[in-house]
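One rule links them: number in our numbering = place in the sequence shown (from 1) + 1.
Derived by calculation from the structure, the hints in this document are not laboratory data. Be aware that one or more of the hints could be misleading.
Stated by the list, open to error - Pairwise CB distance ranges, derived in the manner of DEER restraints:
no.	residue 1	residue 2	range
1	Q212	L109	21 to 31 Å
2	W105	L29	18 to 28 Å
3	T98	L57	30 to 40 Å
4	E201	L29	28 to 38 Å
5	G194	D26	28 to 38 Å
6	Q212	S101	24 to 34 Å
The beta carbon of each residue, even a glycine, is placed where N, CA and C say it ideally should be.
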Amino acid sequence: MADRSEAHHADESDADLERALGTRDALLALWNPSGRPVSVSWDDSSIVTADDRTRLRLTQTHSVVHALLRGEYSGAMRRLAGMSSLMTVFTALRSVTLASELLWNVPLLTWQTVLADAQTQAVVMIADEADEAQTGADGLAGAIRRNLAGDRRQRILDCVVETATMQSQRARLGLGGFGAAVLVAALKSTSGGTLSELAEEHAALIVALAQGQAVTHRDGRLVVDG
């Protein structure tokens, strides 16, 4: 785990990146560093992990999701609070993107159920935070609902960026937390597994990302191969 000085330097680096590029391009730089995306393929039943810095960022994001799967709401908020402001937005971006992939072509009612579940989780998660955090969560929920209604269709990146732009760091905590909650709700809706099983699977993914090991997909489950 990074020490306090390393975390401080990471925060400074992300803040500089966002100032230089703007929120949208800064998020693209985190998503696809040096033009090399993380490769995921089921053809050979393995996930190929990326460079160390990218894997660290993905580990941070998925640790928030993992905490929610375990019902550790205060733990999820502590993880978000330990991130840079840009990384909280990245957490929302990655989480909502993965949720959208899970919910591709599902009825609108399923999406509405997922969003309602996510908002319930978010209220519990950010209960001890300032009202700004709830504003961030509500902002992203509203943006997703407007897109689903078809009034204004945006790419997920643009939807998240538009919500996050000019938000305070506190509001971005709520935005990141709600994004993670959307993924958890989508997993619950589509997987058929228990929360315990989902948490175990997510733990396998985090270990693989943190240690650079391979993750294989066997019998519908993700398993770490040492």
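- Task: If any of the earlier hints don't hold here, list their numbers in rising order.
- Result: Numbers 1, 3 - these are the hints that the structure violates, sorted from lowest upward.
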